[in-house]
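There are 2 protein chains.
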Amino acid sequence: MIAVPEIRIMDTTLRDGMHAMAHQFTPEQMAQVAAALDEAGVDVIEVTHGDGLAGSSFQYGFAAATDEEYLEAVAPVLKKAKLAALILPGIGTCRDMRMAVQAGVKVFRIATHVTEADISEEHMGLAKEMGAEVVGFLMMSHTVGKEKIAEQAKLMESYGADVVYMVDSAGAMIPPEVTEKIGYLKEVLNIPVGFHAHNNLGLAVGNTLAAVAAGATAVDGTLRGLGAGAGNTSTEVLVAALKKAGYQVGVDLYKIMDAATVLEPMMRRPQVIDNASIILGYAGVYSSFLLHTYRAAERFGLDPRDILMELGRRKVVGGQEDYIVDVAYEMSRNKSRAV
Amino acid sequence: MIAVPEIRIMDTTLRDGMHAMAHQFTPEQMAQVAAALDEAGVDVIEVTHGDGLAGSSFQYGFAAATDEEYLEAVAPVLKKAKLAALILPGIGTCRDMRMAVQAGVKVFRIATHVTEADISEEHMGLAKEMGAEVVGFLMMSHTVGKEKIAEQAKLMESYGADVVYMVDSAGAMIPPEVTEKIGYLKEVLNIPVGFHAHNNLGLAVGNTLAAVAAGATAVDGTLRGLGAGAGNTSTEVLVAALKKAGYQVGVDLYKIMDAATVLEPMMRRPQVIDNASIILGYAGVYSSFLLHTYRAAERFGLDPRDILMELGRRKVVGGQEDYIVDVAYEMSRNKSRAV
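Residue numbers (our numbering), protein chains in the order written: chain A, 1 to 339; chain B, 1 to 339.
Hints may be right or wrong, so weigh each one.
It does not matter which identical chain is used: a pair holds within one copy or between any two.
Okay, derived cross-link-like pairs now, DSSO-like style, lysine-lysine, Cα gap no bigger than 30 Å in a straight line [claimed, not checked]: (1) Lys154 x Lys244; (2) Lys148 x Lys244; (3) Lys243 x Lys146; (4) Lys255 x Lys128; (5) Lys315 x Lys244; (6) Lys335 x Lys255; (7) Lys244 x Lys146; (8) Lys315 x Lys243; (9) Lys146 x Lys79; (10) Lys186 x Lys244; (11) Lys106 x Lys255; (12) Lys243 x Lys335; (13) Lys79 x Lys106; (14) Lys128 x Lys80; (15) Lys244 x Lys80; (16) Lys186 x Lys243; (17) Lys315 x Lys335; (18) Lys335 x Lys244; (19) Lys148 x Lys243; (20) Lys315 x Lys255; (21) Lys128 x Lys243.
Bear in mind the hints are in silico, worked out from the structure with no lab data behind them.
So that you can see chain A by itself, here it is in the shape it has in the complex:
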């Protein structure tokens, strides 16, 4: 008989879900949701601005409270779950990490673009030094092949990461791709592998099951799938699917559904897959490009879907929002030439 591994559930309702709330959860709301997640047996609860520590800014949107206020509201209600904070090196600093540990953070999730793991070395070192668990987070992993992801994951492992996540930031992956990439990561890494999905192609749960079948033992979700655009893997649906598939999950199904019931009245809109989200997933581009794309489409008389598809082909990454206007301009010139 093969031993079935226990799957760790990390819930990021109170971090990635913040995007769908325009970062306006109150600390009290966060404490309520976190208490319900803790009660259900979720292993790790991630809390910060949607863009991680120090994300609250003119550029990324101001949150309703500071990260410190959020963390200090949540930490005391946790009986079993570990408190986590996301940090994107370049946005959050080592100073923010020290504050977070003071506020009760036990796990740092340190995120970089899938080709830029090297910028996580200092932050990972500090996290380890402070005794925290370190989760590496390789974003936009659909844009490169398995060897590149593995190379970058190995870097994170060498910096002290305890787990490395493959992150499908744009909800652009399909199950065979997840199977191949996670399987390869399992082969080359000596640490556990995680997977974080988005639901743009309706595959958040399907891809996560594929990841677990391929050897991932840590997976992310948000209650009701709360997240930008099409949202994330729904934690409560995922728990049901994992149990149905026979995996060991230390989360109680009824109680995680109860936690979703706590969240529900706080949501600003139901989490559905609209047309824009489908195109983002199909093209493989970040949801933060959407507004810029609509503006450029109007300015140059183009179909925004065509611009998103072109951005996907060019594999634009976060931070390249200005480039959208250049692409749209070029497309409009080619179009008028063709006419």
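Based on the hints, put chain B in the right spot on chain A.
Same frame as chain A, but now just chain B:
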């Protein structure tokens, strides 16, 4: 190089989606949605009461119009797509089928419980006699093993079915199960295999991709996933996912998203996965049991989730709604004994 098969898309927004509309689409609304589906290149468009021909009744709920009115409203707007009608032998009769052909139906989808294919023989014979295409529909296929499904599918094949669908009526399947069962059907049948999913465990798209990978060449969807409870596979999301996975699909992605935009303002609620739907999928029971279960739970002081789980263990089937009270009574007696 392996030839990639073309995947047929059958859309059932205007039949299975009727459940989520309390069967209240108007014929004009149906015509609008059907025109958009036709324009997008959908191969088959199914139209009737949610429970098929003659479903409009006190027992299943009265529709806003007769099947004849719906079919006659839709038939003239179709340029390429074939008009289909569902029939459940025992509800719909041969007389209804003759009316449907008069009204323009070219495809009959003839549905039975997965162990009762034998009741479809007469209806399939008549459909063939009238020159229609016949799609067999084996409902609640999660309740039995692959050999039983295959045996029943062979029966339908012997009655003249042109395609047989495996139907995951309760949204209770997981991808490895779909892979195994569809793969086996492909082995033993000489006709194409189809798959119809529900989204209770967030796996409608994931399971449908698994079915196609295992050899299914006909798949169902509804715009925006419109359907009872957690709803169906979203047609527009499925088209994106199939194309992304490299399959040939004769449906235009932009135009099927446009069709979803036509449907959207007609919807009564956003299609999301609520807690009741999760338990229905996890337990593997029909959504029509829900109301009866809530009533029984209240009467006997039980958690409705526990009743649904017990009904799933006992593999109750459609029509056994009265049995719910017996099960709840028995559970309440055992409970009081335990105390």
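Results of checking the hints against the structure:
For the homomeric pair Lys154 and Lys244, the shortest alpha-carbon distance between copies (29 Å) is at most 30 Å, but the shortest distance inside one copy (33 Å) is not. Taking identical chains as interchangeable, the C-alpha atoms of Lys148 and Lys244 lie at most 30 Å apart only when they sit on different chains, with a minimum of 21 Å there against 33 Å within one chain. Taking identical chains as interchangeable, the C-alpha atoms of Lys243 and Lys146 lie at most 30 Å apart whether they share a chain (28 Å) or sit on different chains (21 Å). Taking the shortest Cα distances, Lys255 and Lys128 never come within 30 Å of each other, neither inside one copy (33 Å) nor across copies (51 Å).
For the identical chains of this complex, Lys315 and Lys244 are inter-copy neighbours only, at 16 Å across copies versus 37 Å inside a copy, given an alpha-carbon limit of 30 Å. Taking the closest pair of Cα atoms, Lys335 and Lys255 come within 30 Å of each other only across two copies (21 Å); inside a single copy the shortest separation is 55 Å, beyond that limit. When the C-alpha separation of Lys244 and Lys146 is checked against a cutoff of 30 Å, the pair qualifies both within a copy, at 29 Å, and between copies, at 18 Å. Taking identical chains as interchangeable, the C-alpha atoms of Lys315 and Lys243 lie at most 30 Å apart only when they sit on different chains, with a minimum of 18 Å there against 36 Å within one chain.
Taking identical chains as interchangeable, the C-alpha atoms of Lys146 and Lys79 are never at most 30 Å apart, the minima being 38 Å within one chain and 45 Å between chains. In the homo-oligomer, the alpha carbons of Lys186 and Lys244 lie at most 30 Å apart both inside one protomer (24 Å) and across protomers (25 Å), since each shortest distance falls under that limit. Within a single copy, Lys106 and Lys255 get their C-alpha atoms as close as 24 Å, which meets the 30 Å cut-off; across copies the closest is 48 Å, which misses it. In this assembly of identical chains, the alpha carbons of Lys243 and Lys335 lie at most 30 Å apart only when taken from different copies (25 Å versus 52 Å within one copy).
For a Cα distance limit of 30 Å, the shortest separation of Lys79 from Lys106 inside one copy, 13 Å, qualifies, whereas the shortest one across copies, 62 Å, does not. Proximity of Lys128 and Lys80 under a CA criterion of 30 Å is satisfied intra-copy only: 21 Å inside one chain copy versus 63 Å between copies. With identical chains, the CA atoms of Lys244 and Lys80 are at most 30 Å apart within one copy only, with a shortest distance of 25 Å there and 41 Å across copies. Proximity of Lys186 and Lys243 under a CA criterion of 30 Å is satisfied in both settings, with 22 Å inside one chain copy and 28 Å between copies.
In this homomeric assembly, Lys315 and Lys335 come within 30 Å of each other (Cα to Cα) only inside a single copy, at 21 Å, whereas the closest approach across copies is 59 Å. Proximity of Lys335 to Lys244 under the C-alpha cut-off of 30 Å is restricted to the inter-copy arrangement: shortest distance 25 Å between copies versus 51 Å within a copy. Taking CA atoms no more than 30 Å apart as the test, Lys148 paired with Lys243 passes between copies only; the shortest distance there is 25 Å, against 32 Å inside one copy. For the identical chains of this complex, Lys315 and Lys255 are inter-copy neighbours only, at 25 Å across copies versus 41 Å inside a copy, given an alpha-carbon limit of 30 Å.
When the C-alpha separation of Lys128 and Lys243 is checked against a cutoff of 30 Å, the pair qualifies neither within a copy, at 33 Å, nor between copies, at 44 Å.
Hints 4, 9 and 21 from the list above are not met by this structure, while the remaining hints are.
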